[in-house]
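Residue numbers (UniProt numbering), protein chains in the order written: chain Z, 1 to 408; chain S, 1 to 408.
Take every hint as true, because none was put in to throw you off.
Taking lysine-lysine pairs in the BS3-like style, the calculated list, with each CA pair at most 30 Å apart, reads:
no.	chain 1	residue 1	chain 2	residue 2
1	Z	K61	S	K399
2	S	K219	Z	K219
3	S	K126	Z	K399
4	S	K399	Z	K159
Quick caveat, the hints were computed from the structure, so don't treat them as lab data.
Protein chains: 2
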Amino acid sequence: MRIVPVTADVSIKRDIDTGTETQREAVEAIIQQVRDQGDQAIRELTKKFDGADIENFRVTKQELEGAYAEMDQSLIEALREAITNIRDFHERQKRQSWLTTKEDGTILGQKITPLDSVGVYVPGGKAAYPSSIMMNVIPAQVAGVERIVMVSPAGADGKLPASVLVTASELNVKEIYKIGGAQAVAALAYGTESIQAVDKITGPGNIYVALAKRAVFGKVDIDMIAGPSEIVVLADEQADARFIAADLLSQAEHDEQASAVLVTTSQKLAEQVAVEVETQLAPLPKKAIAEASIRDYGVIYVARDLVEAIDVVNQLAPEHLEILTEEPMNLVGRIRHAGAIFVGPYSSEPVGDYFAGPNHVLPTNGTARFSSPLNVDDFTKKSSIISYSKQALQTNGHKISALARLEA
Amino acid sequence: MRIVPVTADVSIKRDIDTGTETQREAVEAIIQQVRDQGDQAIRELTKKFDGADIENFRVTKQELEGAYAEMDQSLIEALREAITNIRDFHERQKRQSWLTTKEDGTILGQKITPLDSVGVYVPGGKAAYPSSIMMNVIPAQVAGVERIVMVSPAGADGKLPASVLVTASELNVKEIYKIGGAQAVAALAYGTESIQAVDKITGPGNIYVALAKRAVFGKVDIDMIAGPSEIVVLADEQADARFIAADLLSQAEHDEQASAVLVTTSQKLAEQVAVEVETQLAPLPKKAIAEASIRDYGVIYVARDLVEAIDVVNQLAPEHLEILTEEPMNLVGRIRHAGAIFVGPYSSEPVGDYFAGPNHVLPTNGTARFSSPLNVDDFTKKSSIISYSKQALQTNGHKISALARLEA
Numbered sequence: 001m002r003i004v005p006v007t008a009d010v011s012i013k014r015d016i017d018t019g020t021e022t023q024r025e026a027v028e029a030i031i032q033q034v035r036d037q038g039d040q041a042i043r044e045l046t047k048k049f050d051g052a053d054i055e056n057f058r059v060t061k062q063e064l065e066g067a068y069a070e071m072d073q074s075l076i077e078a079l080r081e082a083i084t085n086i087r088d089f090h091e092r093q094k095r096q097s098w099l100t101t102k103e104d105g106t107i108l109g110q111k112i113t114p115l116d117s118v119g120v121y122v123p124g125g126k127a128a129y130p131s132s133i134m135m136n137v138i139p140a141q142v143a144g145v146e147r148i149v150m151v152s153p154a155g156a157d158g159k160l161p162a163s164v165l166v167t168a169s170e171l172n173v174k175e176i177y178k179i180g181g182a183q184a185v186a187a188l189a190y191g192t193e194s195i196q197a198v199d200k201i202t203g204p205g206n207i208y209v210a211l212a213k214r215a216v217f218g219k220v221d222i223d224m225i226a227g228p229s230e231i232v233v234l235a236d237e238q239a240d241a242r243f244i245a246a247d248l249l250s251q252a253e254h255d256e257q258a259s260a261v262l263v264t265t266s267q268k269l270a271e272q273v274a275v276e277v278e279t280q281l282a283p284l285p286k287k288a289i290a291e292a293s294i295r296d297y298g299v300i301y302v303a304r305d306l307v308e309a310i311d312v313v314n315q316l317a318p319e320h321l322e323i324l325t326e327e328p329m330n331l332v333g334r335i336r337h338a339g340a341i342f343v344g345p346y347s348s349e350p351v352g353d354y355f356a357g358p359n360h361v362l363p364t365n366g367t368a369r370f371s372s373p374l375n376v377d378d379f380t381k382k383s384s385i386i387s388y389s390k391q392a393l394q395t396n397g398h399k400i401s402a403l404a405r406l407e408a
Numbered sequence: 001m002r003i004v005p006v007t008a009d010v011s012i013k014r015d016i017d018t019g020t021e022t023q024r025e026a027v028e029a030i031i032q033q034v035r036d037q038g039d040q041a042i043r044e045l046t047k048k049f050d051g052a053d054i055e056n057f058r059v060t061k062q063e064l065e066g067a068y069a070e071m072d073q074s075l076i077e078a079l080r081e082a083i084t085n086i087r088d089f090h091e092r093q094k095r096q097s098w099l100t101t102k103e104d105g106t107i108l109g110q111k112i113t114p115l116d117s118v119g120v121y122v123p124g125g126k127a128a129y130p131s132s133i134m135m136n137v138i139p140a141q142v143a144g145v146e147r148i149v150m151v152s153p154a155g156a157d158g159k160l161p162a163s164v165l166v167t168a169s170e171l172n173v174k175e176i177y178k179i180g181g182a183q184a185v186a187a188l189a190y191g192t193e194s195i196q197a198v199d200k201i202t203g204p205g206n207i208y209v210a211l212a213k214r215a216v217f218g219k220v221d222i223d224m225i226a227g228p229s230e231i232v233v234l235a236d237e238q239a240d241a242r243f244i245a246a247d248l249l250s251q252a253e254h255d256e257q258a259s260a261v262l263v264t265t266s267q268k269l270a271e272q273v274a275v276e277v278e279t280q281l282a283p284l285p286k287k288a289i290a291e292a293s294i295r296d297y298g299v300i301y302v303a304r305d306l307v308e309a310i311d312v313v314n315q316l317a318p319e320h321l322e323i324l325t326e327e328p329m330n331l332v333g334r335i336r337h338a339g340a341i342f343v344g345p346y347s348s349e350p351v352g353d354y355f356a357g358p359n360h361v362l363p364t365n366g367t368a369r370f371s372s373p374l375n376v377d378d379f380t381k382k383s384s385i386i387s388y389s390k391q392a393l394q395t396n397g398h399k400i401s402a403l404a405r406l407e408a
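So here's chain Z without its partners, still in its complex pose (with noise of 0.2 Å):
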C-alpha cells in the first residue's frame, strides 16, 4: 500500500458509473415497455432476464411461511435483534409536527406527514441481503409509511431466498413481488395492472437499476445513487496495524472500486498496515479485487499531527470512518464529513452493517459533505401551516404589501 505525505488536495472521488449508451438505451426501452404492456411486459422481461417463468409475481402467505423452516433458529433470532436495534436507533429520529401561536392570533407551524408509499428495491443473484431490507423497510415503517412494496428478482426456480423472506415476514412486509431490474423499477414508478405504483423508490442495485431510478426520477423520488464503498481509518500511534489491515481489506473486497484509505500521524504505524496488508492479502478468497481496490484506491497518509490528519479526514468526507486514537470520542466533534463514525477499538464496520442499529445506507463519493445516512426524515415531508387572525392580518397588511410591491 501507498505511504504518502498529505498534500494539499486529497480526495477519493471517483467517476460516477452512468452506464454505457447501450445500457442507458436498454434501460429506457425497457421502462417503455412497461408503461405500455404493464404485466404483460414485466413477465417477458422476467424470463428474459431472470430466467423465470413467473404467472403471479406476488409473493403468497405460504412462501412466506414456508421460507421459515430453511433458517437457522439461532440466526432468526439474530434477525430479530438487529431489527429490535435498528428500530430502536430509527424511533429516536423521529420527529413532531409543531404548532406555534401569537398573542394576535396568529398560528404557525411544520406538519410532517409519511410519504403515502414506498418500493424498496432489494437485490437478487448471487447473494441475499437481509440487512438491506431492514435498513431501508424499518425507516420508512418509523415514518409511518402506510404502503411499502418490496420487489426482489427470484432465481431461475421461480423462489426467492429464504432469509430474504423471513426478514420481510418479520417486518410485517406483506406485498412483496419477484421482480427485478429495470423493469421492476418501472412498475413501482408507473404502475402495472397488478402493481400499484409508488411515491419513492429506494434501495441499492446493479447498473441497470440504478440506471432505471435516475430515469424515473422526477415522476417518483429516489434515495441515493450509491457509489463503491469507501473506509477511512484515523489512527495514531497506538493503534493495531493487524486490525486496521483487516479492517481495510474488508473493505477492499467488495469491489475492485472500493476505497481503503488509513490517515495516520505515526510512520512507524503506516509502515507496520502496509506490511499487514500485503501479509493478509495473500491468503484472501477475493485477493483479486482486493488486490486492485488496494492498488488504485488504497493509500496512506502520514500526517505531520492529528489536526493535519483530522482536515484530511474532513476533505475525504468518507462513508465510514473508523477512529482507533487514544480518545476517539473526543475527536468525534472536530469530524465534520462522514456518514458513519465508528469509534474505537470495538467498533469495526460490520457492528454498523448489521447489527448496531444505525443505517448502513450512507453517501458516498464525498457526498457526505451534504448527504446523511437514509432516515426517518427521507420517508416524510413537511408541509406549513400559515393561519392569520383578521387583527394579525389588519397589523402587518400594509407591511406585506410594501414588501410585494418591491418585488413587482
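With chain Z fixed as given, assemble chain S onto it according to the hints.
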C-alpha cells in the same frame, strides 16, 4: 374558468422545462469556459450577457452602506420585521445532535453538522427579490453554515438594486458577487481565482440558471428546480367568491404556466367564482398572462362533499393551498400533500410569501407528495456515531458474524 365535476384522475402536472438542445449546449460551454479560464471567463460572460463591464465582482462595504440612502425607512422596518419572523420560524426547525447509551457501554448517536458553505443565487433583471434572499439565507444561517455566498447579476450600470443590497446587509451577508446566469453557478460549483467553490447552491433563476444547477449537481448539492407556481383553493359555500377570484388571479398573473384551481363543494360558489374571475381579469395590467394561465391551467372542480374535495386536493398535491371553509383548521389534519397550507380568510398567499415566517420556496408540480419547503435540514447533514464497548462486542460478535455470513 372551466367548471368540471371531479374525475378519477385529477392532476396539475406540467412538463418540466428542460430547455432546448441549444440552451443546454450553451450552458455546458459556459461551465467549461469558467472551469478553464476562471475570473477571465466570468468577466467576459458578464459583459456579454449582463452588459456590465466589471473588474471586481465583489460588492464593497461602500456599496452596501450606500444602498441605505435609497431605501425608504418604513420599508427597511418592514424588511427587519420579516427577517425576525422568518428567523423565528426557522429557529424552531433546528435539531440537536443526540447520543444514546446502553448499560453494556454501547454509545449510538446522530451528529447534526451544518454544511461548510452555501451559495445563494438571487435573480436580477427587471425586478428585485429581497424575499428570495431572506428565504434562502436565513435557513442556512440558522443551520449554522459558516460561509454564505450570494451571487446576483448586476444591471448594465454594474449595480445591484438597493433593496437587494440592504436585505443582504441586514442579514449580515458579506460575500456578495455581482455575477449571474450559468457562469455564476459554474463559479460557485468549481471556484475561480477570486471565488471559492461552495458545497451547495440554492435559489431560483431563469432556464440557464436551472440548467446550470442541474449540470453541476453531484459536484455540489442543489435545492429543488422549481416549476411554475400553483395555488389550489379549497372552499365551501360560505367562502367569498371575490376573494377567491382575486387569489386565483394573483397566482395566474405570475406566469402563463402558473396554475390556479378551485376545489369546492358548492356549485353556486363555483359559478360565482367563474364570473368573478372574468370580471377581475379585465382591468389587470398583466391580463394576457393571467388569461393564458387560467385558460390552460385553471379549473374549478365541484366535489360531491368535503371528503371528495379533500381527496382532490391530496391528488393535486399543490404548492400553495388555501382553505376557506367553515372550520378550516379542522381540515389541516386531512391534508396529506401540500407545500404550504394557508388557513382561513385572513391568510392569503402574500402573507406567507413575504412576511409570516415559513419559507416561500415550496415543492411544485405534485412533488409535495414527497418534498418539503426549503428548511434548516436542507443546510445540515447527519453522521451516525457507533461506539461499541469490549463487552458489547463480546456479547454480540457471533450474531454479527452470522448475519454477515448470510450475505457473503
